[in-house]
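Engineer: Working from the sequences, and respecting the hints, build out all of it.
If you're matching them up, the sequences are chains A and B in order. So the first sequence is numbered by our numbering: it starts at -19 and just counts up by one. So the second sequence is numbered by our numbering: it starts at 59 and just counts up by one.
Wrong hints could be hidden among the right ones.
To be verified - For lysine-lysine, the following BS3-like pairs were computed, each having C-alpha atoms within a straight-line distance of at most 27 Å:
id	chain 1	residue 1	chain 2	residue 2
1	A	28	B	178
2	A	178	A	155
3	A	178	A	153
4	A	47	A	3
5	A	178	A	122
6	A	153	A	3
7	A	153	A	122
8	A	155	B	63
9	B	68	A	155
FYI, nobody ran anything at the bench for these hints, they're computed from the structure. Owing to the predicted nature of the structure, the values given are computational and were not obtained by experimental measurement.
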Amino acid sequence: MKILALVLAALLPCLAAGPDVDKGRTMGDPAAPMLFELYSDFGCPACKNLHENVLPSIIRDFVATGKAYLVFREFPLNIPAHVHSRPAAAIAVAAARIGKYQTVSDALFRSQQSWSTSGKVWESVAGALTPEEQKKVQALAKDPAVLADVQRDVDRGARVPINQTPTLLITYKLKQQPWANFTDYSLFRGYIDGLLKK
Amino acid sequence: MAFSKNRILKIAAVVLRVALGVIFIYAGYVKLSEPWQLFAAGIADYEVVPMWAAKFLAHVLPWFEVLIGLLLIAGRWFRTATVSTSLLLLVFFSLMVRAFAGGKEINCGCFGPNELISWKTLVRDGSMLAASLFLTVIAFRNRRKPA
Chain A
-19 MKILALVLAA LLPCLAAGPD VDKGRTMGDP AAPMLFELYS DFGCPACKNL HENVLPSIIR
41 DFVATGKAYL VFREFPLNIP AHVHSRPAAA IAVAAARIGK YQTVSDALFR SQQSWSTSGK
101 VWESVAGALT PEEQKKVQAL AKDPAVLADV QRDVDRGARV PINQTPTLLI TYKLKQQPWA
161 NFTDYSLFRG YIDGLLKK
Chain B
59 MAFSKNRILK IAAVVLRVAL GVIFIYAGYV KLSEPWQLFA AGIADYEVVP MWAAKFLAHV
119 LPWFEVLIGL LLIAGRWFRT ATVSTSLLLL VFFSLMVRAF AGGKEINCGC FGPNELISWK
179 TLVRDGSMLA ASLFLTVIAF RNRRKPA
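Structural biologist: Set out below in structure tokens:
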């Protein structure tokens, strides 16, 4: 009975990951054996570094090859220095609704230093969208459903718990493991390759 | 009275020696049962040693912990084992205090991954350090006055 309860407890987060994935914020094959959930904050410099320098390698080695399904989760930190991170996350989630998540993510990280100090988040990313897309994203960014999506990600991350950003939550064979050290990509790659061989 | 005090110290030393030995073997075993990269990432998170050293330590340290644990339980090379244990715990504890005081929310790395440094882990490792220092004192006291 105790074993059954433990198995069910281990299964719950995996089951929850399935239906709650916004397709606009995913990459790769949903049937891939491994699930990567990237908890990130658009205002965090380490997240910018991951997005621009490490994520392309992760996508090339594991997502494009069908080994992992990548889901982007918003995790705006609730600290004074990151006061604009939540509006940025809302804009990104809104952009995901029209299939422009990556475009807006790239723009947000590229102009991070500017908007994180000035607070002009929208002005920093608007140029990456067409006027028609801008109208849609601006309207969607105020939609309570979009704001709820951001909060849902934050709540989900807090349950893991995610202690820092960026954190890649790896789910493989019902086991979850957060990974937050991306200073040496070969270490991460070795870990994932090792898991996949098991 | 003196005899009973010595006896109590002797019993306490045996209990602590075996307990520390079991804890060290367990700590080493948990790390060895997980992919070494997890421990290497945990060491690197402390930002004290370069990545190549973190990788090296991730391979060596768990085996060293198991060896120390076995020596403590067996009561062999007692002075060497207690000094090694105390030095190791002193380093671990200092790094944990440094990280905690610096506001770093990182994993302790003590018994495998996914255990954040907290007051609980500090008290636990501090207690282990105190026990180890006590055993070191006992080991060298017995050297001067063989029972």
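Engineer: None of the hints should be skipped; say for each whether it holds.
Structural biologist: Here is what the structure says about each hint:
1. A threshold of 27 Å between alpha carbons decides the hint, and for residue 28/A with residue 178/B the separation of about 33 Å lies outside it, so the pair is violated.
2. For the proposed pair residue 178/A and residue 155/A, the alpha carbon gap of about 13 Å is at most 27 Å, so the pair holds.
3. The suggested pairing of residue 178/A with residue 153/A holds, with an alpha-carbon distance near 10 Å, which does not exceed 27 Å.
4. At most 27 Å may separate the alpha-carbon atoms for a hinted pair to count; residue 47/A and residue 3/A meet this at roughly 18 Å.
5. Between residue 178/A and residue 122/A the CA atoms are separated by roughly 45 Å; this puts the pair beyond 27 Å, and the hint is violated.
6. Under the criterion of a C-alpha separation no larger than 27 Å, the hint pairing residue 153/A with residue 3/A is consistent with the structure, at around 22 Å.
7. Straight-line distance between C-alpha atoms of residue 153/A and residue 122/A comes to about 38 Å, which puts the hinted pair past the 27 Å bound.
8. A hinted pair counts as satisfied when its Cα atoms are at most 27 Å apart, and residue 155/A with residue 63/B does not qualify at roughly 51 Å.
9. Taking the CA atoms of residue 68/B and residue 155/A, the gap is near 45 Å; set against the 27 Å cutoff, the hint is violated.
Violated hints, listed in ascending order, are 1, 5, 7, 8 and 9; each of the other numbered hints is respected by the structure.
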